[in-house]
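Just so you know, the sequences run in chain order A and B. Read the first sequence against our numbering and you will find it ends at 296, with the numbers running on by one and no gaps. Read the second sequence against our numbering and you will find it ends at 333, with the numbers running on by one and no gaps.
There's no promise every hint is true.
[As the list claims (entries may be wrong)] Negatives, chain A to chain B, calculated, CB over 10 angstroms:
(1) Ala133
(2) Ala185
(3) Val204
(4) Met228
(5) Ile233
(6) Lys239
(7) Asp242
(8) Arg258
[Unchecked claim] Calculated lysine-lysine pairs in the DSS-like style (CA-CA distance at most 30 angstroms, straight line):
(9) B:Lys265 - A:Lys289
(10) B:Lys328 - A:Lys181
(11) A:Lys289 - B:Lys74
(12) B:Lys208 - A:Lys294
(13) B:Lys328 - B:Lys318
Hints are computed from structural coordinates only; laboratory data are not their basis. All figures in this text were calculated on a predicted structure; none of them were measured in a lab. Each residue gets a CB set at the ideal place from its N, CA and C atoms; glycine is no exception.
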Amino acid sequence: MNIIVCVKQVIDPEAPPSIFKIDAATNKAEMRGVPPVIDPYGEFAIEAALKVKEAKGGKITVISLGAKLSREVVKKPLAMGADELILLDDEAYIDGDSWSTATALAAAIRKNGEYDLILCGREASDTNAGQTGPGIAEILGLPCVTLARKIDVADGSARVERVTSDGYDVIEVSTPAIITISNEIGEPRYPTIKGIMTAKKIEPVIWKPADISIDASKVGAAGNRTRVNKLFQPVYEGKCEFAEGDSAEEAAANLALKMREAKIL
Amino acid sequence: MAENKGIAVYCEVKDDKMLPIAAEGLGIGRKLADELGQELAAVLVGSNIGNLAQQAIAHGADRAYVVDDTLLKDYQADAYVNVMEKVIGQIAPQVLIMGQNDCGRDLAPRLAFRLGVAVTMDCVDLAIDPASKRLLQTKPVYGGNAQAVFTSETNPQMVTIRTKAMTALEPDASRKGEITSIAADLQASDIRTRILDKVVEEVAGIKIEDAEVVVAGGRGIGSGEGFQQLEELAKMLKGAVGASRPPCDNNWVPDTIQVGLTGKIIAPELYFAIAISGSSQHMSGCSGSKTIVAINKDAEANIFRQARFGVVGDWKKVLPAFNEKVKELLAS
Ligand SMILES: Cc1cc2nc3c(=O)[nH]c(=O)nc-3n(C[C@H](O)[C@H](O)[C@H](O)COP(=O)(O)OP(=O)(O)OC[C@H]3O[C@@H](n4cnc5c(N)ncnc54)[C@H](O)[C@@H]3O)c2cc1C
Chain A
32 MNIIVCVKQV IDPEAPPSIF KIDAATNKAE MRGVPPVIDP YGEFAIEAAL
82 KVKEAKGGKI TVISLGAKLS REVVKKPLAM GADELILLDD EAYIDGDSWS
132 TATALAAAIR KNGEYDLILC GREASDTNAG QTGPGIAEIL GLPCVTLARK
182 IDVADGSARV ERVTSDGYDV IEVSTPAIIT ISNEIGEPRY PTIKGIMTAK
232 KIEPVIWKPA DISIDASKVG AAGNRTRVNK LFQPVYEGKC EFAEGDSAEE
282 AAANLALKMR EAKIL
Chain B
2 MAENKGIAVY CEVKDDKMLP IAAEGLGIGR KLADELGQEL AAVLVGSNIG
52 NLAQQAIAHG ADRAYVVDDT LLKDYQADAY VNVMEKVIGQ IAPQVLIMGQ
102 NDCGRDLAPR LAFRLGVAVT MDCVDLAIDP ASKRLLQTKP VYGGNAQAVF
152 TSETNPQMVT IRTKAMTALE PDASRKGEIT SIAADLQASD IRTRILDKVV
202 EEVAGIKIED AEVVVAGGRG IGSGEGFQQL EELAKMLKGA VGASRPPCDN
252 NWVPDTIQVG LTGKIIAPEL YFAIAISGSS QHMSGCSGSK TIVAINKDAE
302 ANIFRQARFG VVGDWKKVLP AFNEKVKELL AS
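Please model the complete structure; the sequences and the hints are all you need to start from.
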C-alpha cells in the first residue's frame with residue numbers, strides 16, 4: 032500500500048486572534064512571535080494514513096510545497112511515523128493559488144511513482160479553500176471522496192465515511208483514489224521519542240520545478256488563475272458589557288437582569 | 002474568454018426541493034446580472050426534478066437548464082462533474098455561483114479544475130468591479146482572521162457562497178422564463194463511487210440551524226454531563242445546544258452540533274458562548290448572531306471582543322445561578 036500525504040507549513044491558526052497581523056507592504060499574514068506549524072488538517076491526514084498503514088501495511092510518503100520550509104516543522108509527519116519526505120522547496124513555488132499548487136503537487140506525485148491512496152486535509156487553515164485534493168484528483172484523473180471521518184481499505188477499493196451536515200455517508204470508491212480528511216478521523220498522535228530520532232536521520236528529497244518536469248511559469252504566483260487584490264482584517268465594533276457582582280452567583284443574576292433590561296430575555 | 006456571457010447559478014436540489022442556498026445564489030446572481038445587463042441562468046441537476054425549474058425562475062432566473070436522469074438521483078461527484086462540465090460548456094457563462102455546503106465543497110473544486118479554472122470558495126460578498134467589470138470575490142481566510150478579495154484570471158469566474166451570506170428574492174410565481182432540458186449522457190461506469198449508506202444522526206428538539214437561541218459550550222465544559230446544564234437553559238429558552246469543535250472531537254456531544262468554519266454557520270437571535278475562547282474559526286460560524294453572551298473565566302478571552310454581554314467567572318458557578326434567575330424572570 033503506497034500512501035501519499037500532502038501537507039503544508041502554515042502560520043499557527045490556533046494562536047490567539049489578537050496577535051494575528053497583516054503586513055500591509057507585502058500583503059502577508061503572520062502570528063506575531065509564534066513559530067509556524069504543520070497545517071492541522073494535514074496532520075489529520077497523516078493520522079489517517081498511519082491508521083491505514085497499521086491496518087494494511089505500506090509506505091507513507093509526505094509531500095510539502097513551499098519556500099524555505101522549516102525542517103523542524105515539515106519533519107513532524109516523519110516523527111509521527113511517516114516514511115519519506117519530499118519537499119517542493121523553491122522560491123518558484125511561493126504565492127501559488129490552488130491551481131498552481133495542485134498542478135505542482137500532481138506533477139510530483141506522478142514523478143514519485145506508484146500509489147494507492149493520496150490523502151490531503153479537508154482544507155488548509157490559511158486559504159480555507161479545500162481545493163488541493165479535488166484539484167489533484169482532476170489533474171490525475173482519479174476518483175475523490177472529500178471530508179472523510181473513517182477509511183477502510185480493501186483490494187482495489189476503499190470504504191469511506193464522509194461527514195455530512197446531518198451525519199455521514201458511507202461511500203465505496205475504487206483505488207487509486209484521493210481522499211480528503213476531516214477532524215472526525217481522530218486526534219493526530221504525538222510524535223514519540225523514537226519517532227523524533229528516526230525523523231532526524233531521514234533526509235528529505237528536494238525537487239525543484241525542473242525535477243518534476245514542470246516549467247517555472249506554471250508554478251507559484253506565475254501559474255495562478257486567481258489573484259488576491261486585497262487582504263484585510265475585519266474590524267469588530269461594539270463593546271462587551273460585563274455583569275459584575277460580589278460572587279459568581281450575583282454576577283450571573285445581574286447578567287440575566289441586564290439581558291432582561293435590553294429586552295433580550 | 003471574450004465569448005463567455007451571463008451569470009449561472011447551480012441550484013442544488015435535495016428531497017425534491019430546491020435548497021435555500023440556491024435561492025440565495027439566485028438572489029445575488031440577479032443583482033450581478035442586472036448590473037452587467039446580462040441574463041441569469043439557473044442550472045438544476047437531479048432525478049425527477051422537472052417541476053423545480055419554475056421555482057428557480059420565480060426566484061429570479063431568466064432561464065433554467067435542467068438535467069434529469071435516474072443516475073443523478075443522489076449526488077456523486079463523478080456523475081455531477083461530467084454533467085456540469087457539459088452544461089457549463091453549453092451555457093458558457095461569465096460567472097458561475099454554487100453553494101458552500103456538503104455538495105458544493107466537493108463539486109465546485111472538481112468542476113473548476115475540469116473547466117481549467119480555480120474557484121473562490123466560501124464567498125461572503127460578491128460585487129462587480131466598476132472598471133474591469135470582473136467579479137470581486139470576498140472570502141474569509143486564515144480561519145476568519147482576515148478577508149481577501151479575489152478576482153479570477155479565467156472564465157467562468159467561479160465561486161461558492163457561504164450559507165445565509167446572500168439574500169434571496171421574494172419568489173414571484175408570475176415570472177416567466179425559458180426552460181431547456183439537457184441530456185445527461187452518463188454511463189453507470191462513469192461513476193467510480195458507490196453510496197452504500199446515508200446515516201442521519203437525529204437530534205432531539207429544535208435543529209441548531211433553525212433555532213433562535215443557541216446555547217453553546219466549549220472545551221472548558223469538560224464533559225458530556227456538563228452539557229446537561231446547557232441543555233436546561235436551551236430548553237427554557239426554546240433553543241438548541243451547540244458546541245465548539247473540542248466537545249465534538251471528545252464525543253461529549255454529536256459532531257452535527259459543531260459551530261464554525263468547518264461546522265454549522267448559524268445566525269440566531271441569541272448565542273451563548275460558554276467556556277469557549279472565541280477562536281476565529283469558531284466565530285466564523287456564529288458572528289452573524291444578533292447578540293452574543295459569553296461566560297468565560299479568562300477576562301482576556303477573544304470571545305469578549307465580539308460579545309455584547311459577558312461574565313468573567315467559572316461557568317460551573319455562573320450557569321446554575323443564571324439558569325435560576327432566568328427561570329424566575331420568565332415566570333414573572
Ligand atoms: C481549519 C480549521 C478549522 C476549524 N474549524 C472549527 C470550527 O468549525 N469550529 C470550532 O469551534 N473550532 C474549529 N477549529 C478549531 C479552533 O481553532 C479552536 O481550536 C477551537 O474553536 C477551540 O475551542 P474552544 O474555544 O472550546 O477551546 P479553547 O480554545 O481551549 O477554549 C476554552 C475556553 O474555556 C475557558 N474555560 C475553561 N474552563 C472554564 C470554566 N470552568 N469556566 C469558564 N470558562 C472556562 C477558557 O478560559 C478558554 O477560553 C478549526 C481549526 C482549524 C485550523
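message: So Val204 of chain A supposedly isn't at the interface. Is its beta-carbon more than 10 angstroms from every beta-carbon in chain B?
response: Incorrect as stated: the minimum Cβ-Cβ distance to chain B is 5 angstroms, not above 10 angstroms.
message: Is the claim that Ala185 of chain A lies outside the interface with chain B correct, judged by CB distances over 10 angstroms?
response: 12 angstroms, holds
task: Please work out if Lys328 of chain B and Lys318 of chain B have their alpha carbons no farther apart than 30 angstroms.
output: Roughly 16 angstroms separates the two Cα atoms, so the pair holds.
task: Measuring Cβ to Cβ, find out whether Arg258 of chain A lies farther than 10 angstroms from everything in chain B.
output: Non-interface label fails for Arg258 of chain A: nearest chain B Cβ at 5 angstroms, not farther than 10 angstroms.
field: Non-interface claim for Ala133 of chain A versus chain B (Cβ beyond 10 angstroms)
entry: 7 angstroms, violated
- prompt: Does Lys239 of chain A really sit off the interface, with its C-beta more than 10 angstroms from all C-beta atoms of chain B?
  reply: 23 angstroms, holds
field: Given hint Lys294 of chain A paired with Lys208 of chain B - CA-CA distance at most 30 angstroms
entry: 24 angstroms, holds
- prompt: Taken at face value, is the distance from the CA of Lys289 of chain A to the CA of Lys265 of chain B at most 30 angstroms?
  reply: 29 angstroms, holds
message: So Asp242 of chain A supposedly isn't at the interface. Is its beta-carbon more than 10 angstroms from every beta-carbon in chain B?
response: 23 angstroms, holds
Holds or violated: Lys328 of chain B to Lys181 of chain A, with C-alpha atoms at most 30 angstroms apart: Outside the cut-off at roughly 43 angstroms; violated.
- prompt: Would the least Cβ to Cβ distance between Ile233 of chain A and chain B come out above 10 angstroms?
  reply: 30 angstroms, holds
- prompt: Would the least Cβ to Cβ distance between Met228 of chain A and chain B come out above 10 angstroms?
  reply: Since the minimum Cβ distance to chain B is about 29 angstroms, Met228 of chain A lies beyond 10 angstroms and the statement holds.
Comparing the model with each numbered hint stated earlier shows that hints 1, 3, 8, 10, 11 do not hold.
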